[in-house]
Amino acid sequence: MRPFEYLAPKDLDEACSLLSKHRDEAKILSGGQSLVALLRQRLVSPAYVIDIRRVPGLDYIREDKDGLSIGALTTHRTVETSPAVAKRFPMLAEAEHRLAHRQVRNWGTIGGNLSHADPGGDLAPSLIALGAVIKVVSAKGKRTVPVAEFFTDYLVTVLEPDEILVEVAIPYLKAGSGGAYHKESIRAGDRPIAAVAAVVSLDGKAGVIKSARIALGGVGLTPLEAKEAGKSLAGKKATAGVVLEAGAIAAREAQPTADVEGSVEYKRHIVGLLTRDMLNLALTRAQSK
Amino acid sequence: MAEYSVLGRGVVRTDARDKVTGRAKYASDVHLPGMLTAKVLRSPFAHARILSIDTSRAERLPGVKMVATGRDIPPVRYGKWMLDRTALALGKVRHIGEPVAAVAAVDKETAEEAIELIRVEYEEIPAVFDPLEAMKPGAPIVHEDLDGYQPLPPQRLSQGNILIQASLKHGDMERGWREAFLIHEDCYSTQPVYHGLMEPHEAVAAVDSGGRATVWSPSKAPFELRRALASIVGLPVSQVRVISTTGGGDFGSRGSPSVEPICMLLAQRTSLPVRMSLTVEEEFVGSYYREAATVTLKVGVKEDGTLVALQGRIVFDTGAYSDVLGHIGGATGHLAGLYDIPNFDVEGCVVYTNNTPRGQCRAPRTPQPIFALESHMDAVARKLGMDPMDFRLKNAVEDGDNLPGRGLLRNAGLKQTLHAVADYLRKEKGASAPFRGWGIACGERTLTPVAQAGPASSAYVRVNEDGTATLFSGISEVGGGQWTAMSQIVAEVLGIPFEHVSVVSGDTELVPHEGGTGGSLTTGRVGTSVRLAAEDARGQLLRLAALRLKVREEELEIGRGQVYAKGTPETAISVADLATAALTSPGGSILGTGRHLREKWVASLAEAKGMVDSAHYCTHAACVEVDAETGQVRVLKYFACHDVGFAINPLLVEGQIEGGVVFGLGYALTEEVINQRGRVLNPSFMDYHLPTAPGLPRIEYATISVPSGLGPFGVKGIGEPPTVPVAPAIANAVYDAVGVRIKDLPLTAEKVLKALKGKTLP
Numbered sequence: 017m018r019p020f021e022y023l024a025p026k027d028l029d030e031a032c033s034l035l036s037k038h039r040d041e042a043k044i045l046s047g048g049q050s051l052v053a054l055l056r057q058r059l060v061s062p063a064y065v066i067d068i069r070r071v072p073g074l075d076y077i078r079e080d081k082d083g084l085s086i087g088a089l090t091t092h093r094t095v096e097t098s099p100a101v102a103k104r105f106p107m108l109a110e111a112e113h114r115l116a117h118r119q120v121r122n123w124g125t126i127g128g129n130l131s132h133a134d135p136g137g138d139l140a141p142s143l144i145a146l147g148a149v150i151k152v153v154s155a156k157g158k159r160t161v162p163v164a165e166f167f168t169d170y171l172v173t174v175l176e177p178d179e180i181l182v183e184v185a186i187p188y189l190k191a192g193s194g195g196a197y198h199k200e201s202i203r204a205g206d207r208p209i210a211a212v213a214a215v216v217s218l219d220g221k222a223g224v225i226k227s228a229r230i231a232l233g234g235v236g237l238t239p240l241e242a243k244e245a246g247k248s249l250a251g252k253k254a255t256a257g258v259v260l261e262a263g264a265i266a267a268r269e270a271q272p273t274a275d276v277e278g279s280v281e282y283k284r285h286i287v288g289l290l291t292r293d294m295l296n297l298a299l300t301r302a303q304s305k
Numbered sequence: 039m040a041e042y043s044v045l046g047r048g049v050v051r052t053d054a055r056d057k058v059t060g061r062a063k064y065a066s067d068v069h070l071p072g073m074l075t076a077k078v079l080r081s082p083f084a085h086a087r088i089l090s091i092d093t094s095r096a097e098r099l100p101g102v103k104m105v106a107t108g109r110d111i112p113p114v115r116y117g118k119w120m121l122d123r124t125a126l127a128l129g130k131v132r133h134i135g136e137p138v139a140a141v142a143a144v145d146k147e148t149a150e151e152a153i154e155l156i157r158v159e160y161e162e163i164p165a166v167f168d169p170l171e172a173m174k175p176g177a178p179i180v181h182e183d184l185d186g187y188q189p190l191p192p193q194r195l196s197q198g199n200i201l202i203q204a205s206l207k208h209g210d211m212e213r214g215w216r217e218a219f220l221i222h223e224d225c226y227s228t229q230p231v232y233h234g235l236m237e238p239h240e241a242v243a244a245v246d247s248g249g250r251a252t253v254w255s256p257s258k259a260p261f262e263l264r265r266a267l268a269s270i271v272g273l274p275v276s277q278v279r280v281i282s283t284t285g286g287g288d289f290g291s292r293g294s295p296s297v298e299p300i301c302m303l304l305a306q307r308t309s310l311p312v313r314m315s316l317t318v319e320e321e322f323v324g325s326y327y328r329e330a331a332t333v334t335l336k337v338g339v340k341e342d343g344t345l346v347a348l349q350g351r352i353v354f355d356t357g358a359y360s361d362v363l364g365h366i367g368g369a370t371g372h373l374a375g376l377y378d379i380p381n382f383d384v385e386g387c388v389v390y391t392n393n394t395p396r397g398q399c400r401a402p403r404t405p406q407p408i409f410a411l412e413s414h415m416d417a418v419a420r421k422l423g424m425d426p427m428d429f430r431l432k433n434a435v436e437d438g439d440n441l442p443g444r445g446l447l448r449n450a451g452l453k454q455t456l457h458a459v460a461d462y463l464r465k466e467k468g469a470s471a472p473f474r475g476w477g478i479a480c481g482e483r484t485l486t487p488v489a490q491a492g493p494a495s496s497a498y499v500r501v502n503e504d505g506t507a508t509l510f511s512g513i514s515e516v517g518g519g520q521w522t523a524m525s526q527i528v529a530e531v532l533g534i535p536f537e538h539v540s541v542v543s544g545d546t547e548l549v550p551h552e553g554g555t556g557g558s559l560t561t562g563r564v565g566t567s568v569r570l571a572a573e574d575a576r577g578q579l580l581r582l583a584a585l586r587l588k589v590r591e592e593e594l595e596i597g598r599g600q601v602y603a604k605g606t607p608e609t610a611i612s613v614a615d616l617a618t619a620a621l622t623s624p625g626g627s628i629l630g631t632g633r634h635l636r637e638k639w640v641a642s643l644a645e646a647k648g649m650v651d652s653a654h655y656c657t658h659a660a661c662v663e664v665d666a667e668t669g670q671v672r673v674l675k676y677f678a679c680h681d682v683g684f685a686i687n688p689l690l691v692e693g694q695i696e697g698g699v700v701f702g703l704g705y706a707l708t709e710e711v712i713n714q715r716g717r718v719l720n721p722s723f724m725d726y727h728l729p730t731a732p733g734l735p736r737i738e739y740a741t742i743s744v745p746s747g748l749g750p751f752g753v754k755g756i757g758e759p760p761t762v763p764v765a766p767a768i769a770n771a772v773y774d775a776v777g778v779r780i781k782d783l784p785l786t787a788e789k790v791l792k793a794l795k796g797k798t799l800p
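Chains as they are written, first to last, in this note's numbering: chain A, 17 to 305; chain B, 39 to 800.
By construction, these hints were calculated from the structure, which means they are not laboratory data.
Treat the hints loosely; a few may be bogus.
[To be verified] Using C-beta positions, here's what the derived DEER-type ranges look like: (1) Ala471(B) to Arg70(A): 51 to 61 angstroms; (2) Glu21(A) to Pro82(B): 31 to 41 angstroms; (3) Pro82(B) to Ser61(A): 13 to 23 angstroms; (4) Arg70(A) to Glu161(B): 54 to 64 angstroms; (5) Ala63(A) to Pro732(B): 35 to 45 angstroms; (6) Gly257(A) to Ile163(B): 54 to 64 angstroms; (7) Lys792(B) to Thr273(A): 12 to 22 angstroms.
Owing to the predicted nature of the structure, the values given are computational and were not obtained by experimental measurement.
By construction, the Cβ of each residue, glycine as well, lies at the ideal position given by its N, Cα and C atoms.
Please build the complete structure, drawing on both the sequences and the hints.
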């Protein structure tokens, strides 16, 4: 770790002004679970570390009219154990439950997790499949970005150097919808061999899939949406055959690289299996709603 | 069995409280005024000549006190078995990560910055990474000067990178093959694995104005380290003091010099204390770990399951330096250690490559041949249509068997462990289920020749005026509960409560000489000298008490801190009073000494000749479930049965069995230091997959007690054996579950899935 100057703004305005002053030379610290590892390995060497843990008003889970809003400083553990999350988005609680280990979840925040854009991160696939958006602010103003468009490259997001992620907003699922997430990993809490989130909406009683979104983790430079796989399901009756086919498409859409978690072929194979299983689970949940 | 008051009880370990409350002192807790931090520059090439090193920019950096290269230090070679390495590379580098230059600076950040300012010009030369390639004529030579090294192994055949070739022969192979009804041949390979230390290697060195050096290090062999360091820096041994700090994990990693030589050389030159510690990433390239092996086996068996012949070959990759050299003899012996095989021909060799160095790791050289042997025996039994348990019971060694290269077996408990596992399986196995299977495997570790002298061990026991005792011993508490077991021995012999014994250990200035902790031999070997020292002190107490009570010594008893004449406890004198009285008695204070070479315990050397004892036999059983779609292997149940001779502390035995099985499960399923052309691809705990608690089964165990004729109170040892048979037990269970035999470790999901493809599933 190289020496840096530690700054602890008292509110969001001060944080934004510090960030607009130091821009690329600064990094935001919240739970530290991604940043400190990067600092230690000297993969980043900022001149300034802006600790936003004392910034008020960023730690909340709020049930709004159209959706659930989660503040950037909310820890993974809080999301994992939140009754509101369990009620509205059980798949998100499941994703959090599999994220690293409890010690990490007690410290790590959802803002830090998403900002660091680890392609194997556990939150992004579910948020993409759920159509969530990210709210960011800077000294200049605020903007909203769909999670599906938030990640641009390996560990890179659309965030400008002076912007801070402040909230994730997830629209409620309509009746007849359901979602599921699972990651296959070598050990519990590891980075994924592959992870799949699936959300489906059924058309009334007919058992026809109105729409489906499938997102993948750990099999590309960023978390990514398997758009073709999702599209392949729209308007189709939910049979074992179409689900299997969607899995095959998702496996092709994955862009894995070989590493210690597995070979390219193996990761694609797992994407296919998980897509099938998560679609089936999402369909069961959709039918029960 | 004798009645004991302290032995055989699961007393709480002496170091538990300090470790749990954070009071235990590790090397990183040593802080000295003016202390510098050392860092090394490591080679980016697997094999290269060093053409020039420019340290001038690093030297000019403010805060840098010393920059050293191989030319600035004495050209002294060192090594565990053969002296083949220098603290900093001299002339060429032989592996990625080899230290090329070292910096001592006022703090870590400055040292790290200085390292980046050193410019080294290399000329890359052809490298070799596959040991089988390295054995071929014309392969790049890792050590050109090998034949000038000391001491050269006797079996050295001057063949390039082949460091040593050993063979073990017995009987008549032709006859064996003639008698065989079935011959089965196969090849197995195992991967390099890391110890998984919670505390990476670290040391602090300080040199006083008279040139006397002190080194703090979590060494498990402080006297060996003292000797090595003295030779490296050119001091008499008495001018080097090693203080062994609490070890944050050993598993074989703390027996050879690591960061200490560089630390001490820099302290000598700067006249300031120097700390050096490895990062986890450096652990994977700058230390050593378990060697990979290739084992080929050809086994002949009669129709009734009687083994008649075994031919085998073991190749160990030692990497760039020779720390695996001493492993080969024992490894060939392991192939003859479990079953009575009349005709036997095994060859083994250790080969240099440009891989990162390999060396000792929990049960060095044992899991590799045992994985091959026990997988192979399972395959042979199944080919014959025999139950693997019956097959093993038929061939397992027992007392009176003559083990090739080792000797006549006595006090062996292998069959008893097999029977215990058979009982367990009868109860637990139940109906078969798809994708579920059971596997068994046997293991062993060390056999001790009864008539062999040494290594020497020594201890003092002092009885204090308050009736407590202090044990002075050179053993290190490496985490296995060594101090606890030794304290129990002292308490038992002196008849005082366990809590009244304290241990002074690990400081070469304060304690008598000791060989070191390891080989699952500590309780047996060191326990003997500790017992002798305690008995000596006890004798002194009894002599004094006899004078005072005016009875003969033989009529005295000792217990609960009191000495009294048999049958008349009301006449008792306390140990405290005796120890106090001793201070003004003609004989002086109570101080027992215990020194021993093994023959002390042998009634007749002639009778003992050729005999081996204290075998660490065990049998394990595993139940697995294989996910046929992902290939993932889940361990559902695990049972380990060990012959421990006598469990001085059953709680510690349980800890070693559980920990050892987990160690073995990592080896079996997920752990591998992945090397690609000499580069380690996964040097972190994120990418190196040590087992974690959520993925583990409940581990059940049982112990068998066939007392050793050597160890005190019959103890045999338990530190390493539990890790030995795990991988073959799992591999055999996977075969039982889905009918595929994985012959190279680890059994990753991907490997299992690949094997399953094209296979008709049950």
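To see whether the hints hold, each was checked on the structure:
1. At roughly 56 angstroms, the beta carbons of Ala471(B) and Arg70(A) sit within the given window of 51 to 61 angstroms.
2. Restraint check, Glu21(A) to Pro82(B): a C-beta distance of roughly 32 angstroms satisfies the suggested window 31 to 41 angstroms.
3. Our hint of 13 to 23 angstroms for Pro82(B) and Ser61(A) holds, since their Cβ atoms are close to 21 angstroms apart.
4. The hinted range of 54 to 64 angstroms is satisfied by Arg70(A) and Glu161(B), whose Cβ atoms lie roughly 55 angstroms apart.
5. Between Ala63(A) and Pro732(B) the CB atoms are about 40 angstroms apart, so this pair conforms to the stated range of 35 to 45 angstroms.
6. Judged by the Cβ atoms, the range 54 to 64 angstroms given for Gly257(A) and Ile163(B) holds: they are separated by roughly 59 angstroms.
7. Restraint check, Lys792(B) to Thr273(A): a C-beta distance of roughly 19 angstroms satisfies the suggested window 12 to 22 angstroms.
The earlier numbered hints are all upheld by this structure, with none contradicted.
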